[in-house]
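These are the residues of each chain, in order.
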Amino acid sequence: VGIGRDALAGLRILIVEDEFLVAMLVEEMLQDLRCEIVGPISTLEEAVATVRQNHLDGVLLDANLNGKNSSPVADELLGREVPFILVTGYGGHKGDPPVLKCAPRVRKPVNFDELADRMMEVFVHRPAER
Amino acid sequence: MHYRGALKLTRKTDLPSAERNHPGPPVVGIGASAGGIDALSRFFDSMPVDSGLAFVVILHLDPRHHSELAALLGHRTAMPVVDIVDGIQVEPNRVYVIVPDKSVRLDGDRLRLFKPDETRGHRHPVDVFFASLAEHRRERAIAIVLSGTGSNGTHGMRDIKAIGGLTVVQDPETAQFDGMPRSAISAGIADHVTAPDRMPGILLRYARHPYMADPDGLATEASDAQQVLDPVFALLRARSGHDFRNYKQSTLQRRIHRRMGLANRTTLAEYADLLRSNPDEIAALVKDLMISVTGFFRDPEAWAALDEKVLAPLIADRDADAEIRIWVPACATGEEAYSLAMLVAERARAAHKALNVKIFATDSQETNLAAARDGIYPAAAVSAISPERLRRFFDRLDGSFQVKKELRELIVFASQNLVRDPPFSRMDLITCRNLLIYLDAEAQRRVVALFHFGLLEGGHLFLGNAETVGRHENLFDTVSKKWRIYRRVGPTRHSIVEFPLLSVHPRLGHAEESPQAGAEPVRAAEIARRALLDRYAPASVLIDQKGRILYFHGPTGDYLEQPPGEPTRDLLAMARDGLRQRLRAAVRKATEKHDTVTVSAPVRQRRAVHMVSVTVAPLATTRDSAELFLVSFAPESERRPAAHAVPPESDRGETDHAASLHALEEELNSTRAELRSTVEQMESANEELKAANEEATSMNEELQSTNEELETSKEELQSFNEELHTINNQLQLKNQELENLADDLNNLLAGTEVATIFLDMEYRIKWFSPTSKQLLDLVPSDTGRPLAHFAPKFDDANLMHDLEMVLEKLTPKEAEVSNTAGRWYLRRLIPYRTRSNRIAGAVLTFTDITERKRAGDAVNEARIYSEAIIETIRQPLLTLDAGLRIQSANRAFYTLFKVPEEEIRNRQIYELGNGQWDIPALRKLFEDILPQDASINDFVLEHSFENIGRRIMMINARKLQRPGRPDMILVAIDDITERSSAEAHRDILISEMSHRVKNVLAAVQSIASQTLRQSRSLDGFKAAFNGRLHALASAHDLLVDAGWAGSDMRQLVLRTLEPYRAGERITVNGPRLTLRAQAGVALTMILHELATNAAKYGALSTPNGTLDVNWELEDSNGRPQIRLRWIEAGGPSVKTPSRRGFGSELIQRSTTHELHGQATLDYREEGLHGELTFPRDESSSPNGSEG
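The listed protein sequences correspond, in order, to chains D and W.
Under my numbering, the first residue of the first sequence is numbered 1, with each subsequent residue one higher.
Under my numbering, the first residue of the second sequence is numbered 1, with each subsequent residue one higher.
These aren't lab readings, by the way, just hints derived from the structure by calculation.
The model shown is predicted, which means the values in this text are computed figures rather than measured ones.
Keep in mind that a hint or two might mislead.
As the list claims (entries may be wrong) - Within a straight-line C-alpha distance of at most 25 Å, the following computed SDA-like cross-link-like pairs (lysine to any residue) qualify:
hint, chain 1, residue 1, chain 2, residue 2
1, D, 68, W, 984
2, D, 101, W, 985
3, D, 68, W, 986
4, D, 68, W, 726
5, W, 309, W, 290
6, D, 101, W, 726
To be verified - One side of the interface only, derived from the structure: several residues of chain D facing chain W at Cβ under 10 Å:
hint, residue
7, 10
8, 19
9, 26
10, 29
11, 67
12, 71
13, 72
14, 78
In this text, a Cβ means the ideal position worked out from N, Cα and C, and glycines have one as well.
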């Protein structure tokens, strides 16, 4: 666990990921970062509902859920000012709806350090800037 | 030999020629060239083998190849056919064939072979043979010209025709190559023109005719042949105006006989009948009778002599602009005249003198003159002319030569018959070769006299080799005896000239009525009568009523003498002294009394006076109009003249004296009476004189007035002359203008290369341009022939019909026709209008439109090609004019935009479909961008259309620039709606793929991470990781096999369990179900974990263990749900595991997370009993699942 990552410990993080193997991996990484895990959730509807019902410090959002882009979830998150990171296999932003286009992202397969750094950046530093 | 009718044809035996006495067989010379074999075959096919004729075939053969001609012809006739060897004897009923590279001549009865002098291509072997045939067979020569090119044969045929042989020419219509036949026909020397298979009939008839047996044999029993021919001559005189009675009878007979042979008539009576009924035969006969052998520079040495001895000095003597007048009578077709003109032109040029040369060439036959004026001669005819002269004086036409205009202008061709018409006069030179030989002696004499008259003093006469001036040697000096050149001497002697115009009838009648006096036998009685007259008849004179002496008989010199002064025939004026008075009285008395009166009268002779007895006897004449008197003088006895002569001086006695006195008185009385009568006579004479004077005075008056009239007339004539002169000048100018115009026209027509033919109302060719020869086989002599006679070289079946239509309706007609060479012509027919707007025929023109036609065809092809392209391509295409109105659209356009064709034509593009094309972007495109750029490329337009919804269109447009016309715009519209969505879809697919791959990688990452976390050893990790990775890969295989659409559940189960299937201990049962992709992957992973566990700890770890996998579809609150059971048995006893490993966690979480179902694992003692339930339609409606 890198220095400074302690700031991540205890954050309530929702995992939205339709593939359980990936979800398991991310879950494992969050456990390592000592985050409080919500989910993982594999469908859009559940994800939106979970966002509405829970206090969340951040969301790791799969960009594509069962072949559908996850912009409804992103919209909801933006509306609620919940920071989120897109976990996606997409290399580029092409074809993404605008709401996803400028979102910070982590690419699959997930590198632990990258994920941790991005989470620091998005979930810890940015809200602090606000 | 006796024939029907009054004529008897007898053989004359006085001809010295050996050939006449022992004639060989008639020889038929056959000349042919290209296409000749066929014609020869047809000829011999129908030629009997026993005709009695010998045939010599002259063909143009390749000098380097052996000839099969004899063999070829041998198949066609039963006659022996042999190749000619030198010296072979000509025998009847045989065919002799020329051999390559040799010429043949007939020599007596033998054929001679010799090497031709001329180079190949210039040889005229047919001409050579025909010439020898004419020489040696004469009338028994027969010449045939068959198919061939060029003019070979024409020249030799002329010789045969001239000598009286038969000439037969193949009808050009039947000949494969019509050059040789046409040449012979246009020379006017063909007796027959017909097809080869008809020639034998002509030859046989001709050979059987007596003419062949004896050409000269036409005679009657009566000795005078002329009487026999008279009916023929009379017919000719009446119908053609030609009088042949002065021509040499032998020649005439022979030629008439020949015509009889050609016409197959045996008697003159029959022939005369034919002449009466057939004007053509008359024309043919006249032509034959007048035929003359002529040629350029015939007898070159004679011409050289003429040039040197006559022309050279003549031109040297003349001033530079003097006139030279030359007359060429009987010029035939002009060769002699042109020869002369060439010599004169050369001499004048050499002397640098612009002499005014006038050559009058005359002939009695208009056809000859027309040919001479044209001056067109076949190549054979000009062969005697040197190449330099040919170049200088002739233009080469195809196959023939035309005398250049400069030379033709030197010569005036005019119609004149030497025997019949008045002569030309004041000539420097007359050349008349080979005419006199056809005339009899009398006519020759007259013609030579005419030549004397026609020449200037010192002028020259040039005759043929066999001709002389004859009895008129006193009129001419001989300049060259050998070459028959003469010079006129002495002044004009009218007495010898008998102008034909003045005396033609009496003179010609004379020959008919009475034979020459000198030729009559003098009979004995006449001799006696003359002797007696001379001896006993007194000197007498015959006088008429007026006292003019008509005839002297005997010595009248004693009584009559010519008084000084003008010669007189008045008897009284001539009477010697003393005789006059008595004579006058006696004549008067005899006139009055109509009786014989005799008086005595003294006559003074040489100072002596003799008495003479004068008897005036009126003679009874046949007509009462003119009474004649015979005045005879007879001397009286010598006594009385002596008494008279000596004055009475003697004194012989009274009686004597008285008698003398009486005599004196008597004499006085008589003198008185004489005086009285003289006085009376004088008075009456005086009266007469007075009257005569009156008459003379009045006549003088008349003469004076006449003179004045004449003066006036002369002035009038002079002014008239002036006028004529002016008109002549004008005409000359006009003529010049016309010539220029003609030149312009000719150049125009040559320049435009438009073949032009003028036709008259009967479709005869009036004129044609040289270019026309590409379309019709025309030669200059074809003018006047009907168009239909020519086989056109182009394909135009409607020509004659169109011609009729044009002349009927007077509207032009056009058609496109192609010729045999594949070129295309625009054929136009327009009426030929004269300046007076009369229709005088039609103008036929051919314009070469091959290039245009080809270009047109190419354009057409290009158009068809492009239209096919336009119709074939699936993109809609539009053509717009400059105003953006639609000119055309292709089918794809109508199909795509669902608008009917008739609705859009000429509509502006914006108006289409209720203005659905009125799109601002399009307007900008067409109105702003296109005018600047020539094209628009790949402009994408998205628009909602009325009929077809929202579409994305790609527009390409080009301006079609057309010189001089408004631009067109070609617009291609490409409906790329589908393509755009396909591209978008592809992008999505790629993203999806990327997503999946990354997801799979993430899954692998996860598997690796989890497996690593649980493995106790690296080997354990390796086995577990490989197994899981393999299961994952296998799941993906299934997905890929099914195109990522979903996987078959049974397949999935079987494949996953495949590594463990030892024996039949695993049973798999369940309905066929398709799982969505993600569910398939999850299930595979779950089954893999179960199987791995079973293999490690469960039923599959022992040989006796069994596994049953089954599933079913069941209903769960109205939704289909799949229940899968995993039942192990027969394995080691099972204990619930102490902690949850990755395997069971994966099973649990995967079922809930991805299958959205439930998993229960029941670790029963006998074996693991697992059960999975999950909704079937999870894939289509993920909403339905909870948690």
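Now the hints, each set against the structure:
Distance check on the hinted pair: residue 68 (chain D) and residue 984 (chain W) sit about 15 Å apart at the alpha-carbon level, within 25 Å; holds. Of the supplied pair hints, the one linking residue 101 (chain D) and residue 985 (chain W) holds, its CA atoms being roughly 19 Å apart against a limit of 25 Å. Distance hint between residue 68 (chain D) and residue 986 (chain W) is fulfilled; the C-alpha atoms sit about 16 Å from each other, no more than 25 Å. Using a Cα cut-off of 25 Å, the hinted pair residue 68 (chain D) and residue 726 (chain W) is violated, with the two alpha carbons roughly 118 Å apart.
With a C-alpha separation of about 31 Å, the suggested pair residue 309 (chain W) and residue 290 (chain W) falls outside the 25 Å cut-off, and the hint is violated. This hinted pair does not check out: residue 101 (chain D) and residue 726 (chain W) have alpha carbons roughly 113 Å apart, beyond 25 Å. Taken as an interface hint, residue 10 (chain D) does not check out: its beta carbon lies about 23 Å from the nearest beta carbon of chain W, beyond 10 Å. Contact between residue 19 (chain D) and chain W, as hinted, is supported at the beta carbon level, the nearest pair being about 5 Å apart and thus within 10 Å.
Taking 10 Å as the C-beta contact cut-off toward chain W, the hint placing residue 26 (chain D) at the interface holds, the least distance being around 8 Å. Against a cut-off of 10 Å between C-beta atoms, the interface hint on residue 29 (chain D) holds, since the closest Cβ of chain W lies about 9 Å away. A least Cβ separation of about 7 Å between residue 67 (chain D) and chain W falls short of the 10 Å threshold, and the interface hint therefore holds. Of the supplied interface hints, the one on residue 71 (chain D) is violated, with its beta-carbon coming no nearer than about 14 Å to a beta-carbon of chain W, more than 10 Å.
For residue 72 (chain D), the interface hint is violated, the least distance from its beta-carbon to any beta-carbon of chain W being 13 Å, above 10 Å. Among the interface hints, the one on residue 78 (chain D) is violated; its C-beta lies about 22 Å from the nearest C-beta in chain W, farther than the 10 Å criterion.
Hint check: violations occur at hints 4, 5, 6, 7, 12, 13 and 14; the rest are consistent with the structure.
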